[in-house]
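Protein chains: 2
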Amino acid sequence: MIVLGAGFGGLWAARTLAPFNVDVLLVDQNNYHTFAPLLYQVAASEVGPEEIAYPIRSIFRRFQNVEFELGTVKEVDLERKLVKTNNRTVQYDYLIQGTGSVVDYFGIPGAREHALPMKTLEESIAIRNHILSRFERAVHERDRNRREIILTFVIIGGGPTGVEFAGALIELIHGALVKDFKTVNMHDVHVILVEALPHLITSFPNRLQNYALKRLQKMGVEVRLSSPVAQITSDSVHLRDGEVIHSETVIWAAGVRGNPAVRPTGLFSSNRADFVSVKSTLQIEGYPEAYVVGDLAQFEENGHRLPMIAPVAIQQGTHAARNIILQILGKQPENFKYRDRGYMVTLGRNSGVAYLLGHSFTGFAAWVIWLGVHLYNLIGFRNRLFVLTDWAWDYLLYERTARLITSI
Amino acid sequence: MIVLGAGFGGLWAARTLAPFNVDVLLVDQNNYHTFAPLLYQVAASEVGPEEIAYPIRSIFRRFQNVEFELGTVKEVDLERKLVKTNNRTVQYDYLIQGTGSVVDYFGIPGAREHALPMKTLEESIAIRNHILSRFERAVHERDRNRREIILTFVIIGGGPTGVEFAGALIELIHGALVKDFKTVNMHDVHVILVEALPHLITSFPNRLQNYALKRLQKMGVEVRLSSPVAQITSDSVHLRDGEVIHSETVIWAAGVRGNPAVRPTGLFSSNRADFVSVKSTLQIEGYPEAYVVGDLAQFEENGHRLPMIAPVAIQQGTHAARNIILQILGKQPENFKYRDRGYMVTLGRNSGVAYLLGHSFTGFAAWVIWLGVHLYNLIGFRNRLFVLTDWAWDYLLYERTARLITSI
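As you go down the protein sequences, you meet chains A and B in turn. As numbered in my numbering, the first sequence has no gaps in its residue numbers, which increase by one up to the final residue, 450. As numbered in my numbering, the second sequence has no gaps in its residue numbers, which increase by one up to the final residue, 450.
Since the hints were derived computationally from the structure, they do not count as laboratory data. A couple of the hints might just be wrong.
Put simply, identical chains are the same to the list, so a pair is met inside one copy or across any two.
Claimed, not checked - Derived SDA-like pairs: lysine to any residue, alpha-carbon spacing no greater than 25 Å straight-line:
id, residue 1, residue 2
1, Lys224, Asp135
2, Lys161, Asn171
3, Lys224, Met43
4, Lys116, Glu178
5, Lys116, Phe177
6, Lys321, Glu343
7, Lys161, Ser175
8, Lys321, Ala352
9, Lys161, His172
10, Lys126, Ser175
With the rest of the complex left out, here is chain A (with noise of 0.2 Å):
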């Protein structure tokens, strides 16, 4: 059988089957597992890259029945069951397609262009030279508007990539660059979140999303809410409202759909976005030795379709392993229920908010379990050691130790 994606739905589909006699071809693009939660982090400074990737060999060097292949997919045939990879073409019995999620950006202008991306690690890295590249420059800017066009970030999106990485990069500035740059005016320092809706982070309880705008804003990130972006060129954002934005540096953590580079032929589904949508089994209709799992599966649950993050995609990756292990045994596939655990995020030094079992958390008590729940769910001693430093680091010395400028 096939796994497609070694992300979080791939990975864990994989893990699940490796144990029983099943022969499983593992395809990813990289030759690691990226634990995406933490990019953020890498475009801050605040991991090094190597931490939170892991290469996806090791984890199954136990298993004889595991192979994996560097590819890239271009096709999946569900009609002939097939898989074409750029190396070659692959028959499957079963099926677990995870290739996640590609940005959207809305057809808004410009954003292609200009507005830097954070989905992989190689556009984390950018991210980070980039704005430690800004502040280089600025160094050298005697024009007091040109420089603050230069030292303006504008993080587009008020989801919890947008606010966690917010909040890294205004202690990233105030912390190491502020002690870095000390010919530096920090007054000409400028991060903009920019939320089309009126609140950040949506899903959250309203409590929690007034807390986390009190707390950004507090740390000295100005907010704009309900402020739909018009056009991006290279030098501005242009809100629908009118405003203009001078800034060189866009971030975009607004919007994803799934990859049409990816999706299986002859499938026609109702949604917007390219989303597969699946059974309740996670099956595809018609298909039943097909599974989606993760960002790309449209599943919906009381109407509401399943926010696009790790423990979603874990729990869908090793269920639809069981359910391919029931179908081999000749039971019936069982249906997916999202055991819903919570949700969080962190807001720099000391402070977050988490809505875990029904009970909101804000400030140190978040933070901490933040912490928590995140280095237990790296892969790899090292890297939970590792990443456990920087945290230390940063923590204790307002050190941000992997402030790099590489050339990609």
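We have chain A; now place chain B onto it with these hints.
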């Protein structure tokens, strides 16, 4: 005063000057200092790139009188005492130039186009990516001959870098990769070390040269001595004796020269390789305010040029800085005398050769000395901790944790 380059020479010069009441401008093309002696370990997936790099601004944070500029040196004008960078033109009263060396391909046809240098962090990452990609590629190659070409790795140059990298590479393959690529026949893998002279590590005593040769051969490295390279193509290395090695991976560890782009203008020198001849005080003849240190300095002791290694650069950088302080105090600059504490290379796990204070060490003793010296000299506690952890991982588990193929 201006210090050009934040390698070992420039960095130690700036560190020596910093506590004095002088204004220092330190210029480097990267915002980090690279611990070059461990570049080969990045290329061999042994340590992560961030672990051997350290942000320069952090080092001088305490010193208001040290300014850092991220920039490329365009011109050094000794007559008019000014330095042009890509950002601006700056006047100096004193200059310490430690801009190092660049790769010298000795005019061998195809070398520049097809051989991979290992002088910078990016180049080392590129080698890592390339080697790991070859294994991923070999999985899909059914033709035995083609597979052997894909899995043949040629290292040009049997100096310390080539020798250390050959040992690290063969251990990467026989340790981690053999387990990860179960379908790859390790008999198809070749690591070939090519040296033009009749000995490896020519600057070492003869006994240590022989020890290194035997040890590498025992580990499985195929060593070609007295084998100058005639030509390199995209899939072969032609030796001058007529042998053709088929390989898609040629790593260049053979030669370096001064960087002609940052050579002071109007300067003539007798040496062939764009190095800058200096007086015994490290000053440029005729320009008492201009010093050259490290790889770039052509400094001879007893008729021999000092080796291009970190200890020489560190001592010269420190010495040049002290001489400038002497000059400011109205005293005469002093002659530089290299305190040679020795040199050493590792040969994989548990082995190495070292020549220290007139004594030769081989095997485990040399290896332990090497570990201690390199760990001690890494800047920053975090980097030391991370490198030590990675080394412990490798040693105890035969595991290489930094095994990522990134898209640079």
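With identical chains treated as interchangeable, where does the CA-CA distance between Lys116 and Phe177 reach 25 Å or less: within a copy, between copies, both, or neither?
Classified as between: cross-chain Cα gap 22 Å, same-chain 40 Å, threshold 25 Å.
Checking an output row: Lys321 and Glu343, CA cutoff 25 Å. Within, between, both or neither?
within (11 Å within a copy, 79 Å between copies)
Could you place Lys224 and Asp135 in one of the four classes (within, between, both, neither) given a Cα distance threshold of 25 Å?
between (62 Å within a copy, 23 Å between copies)
One pair to classify: Lys161 and Ser175, alpha carbons no more than 25 Å apart. Within, between, both, or neither?
both (21 Å within a copy, 23 Å between copies)
Given identical chains, is Lys161 near Asn171, meaning Cα to Cα at most 25 Å, within a copy, between copies, both, or neither?
Close inside one copy (16 Å) and across copies (21 Å); limit 25 Å.
Evaluate Lys126 and Ser175 at a C-alpha cut-off of 25 Å and name the case that applies: within, between, both or neither.
between (40 Å within a copy, 20 Å between copies)
Within, between, both or neither: Lys116, Glu178 at alpha-carbon 25 Å:
Answer is between: at 18 Å across copies they meet the 25 Å cutoff, but 41 Å inside does not.
How would you classify Lys321 and Ala352 at a CA-CA limit of 25 Å: within, between, both, or neither?
within (20 Å within a copy, 63 Å between copies)
Is it within, between, both or neither when you check Lys161 against His172 at 25 Å Cα-Cα?
Answer is both; intra-copy 16 Å and inter-copy 24 Å each pass.
Same-copy or cross-copy closeness of Lys224 to Met43 [CA-CA at most 25 Å]
between (58 Å within a copy, 19 Å between copies)
In summary, this structure violates none of the numbered hints.
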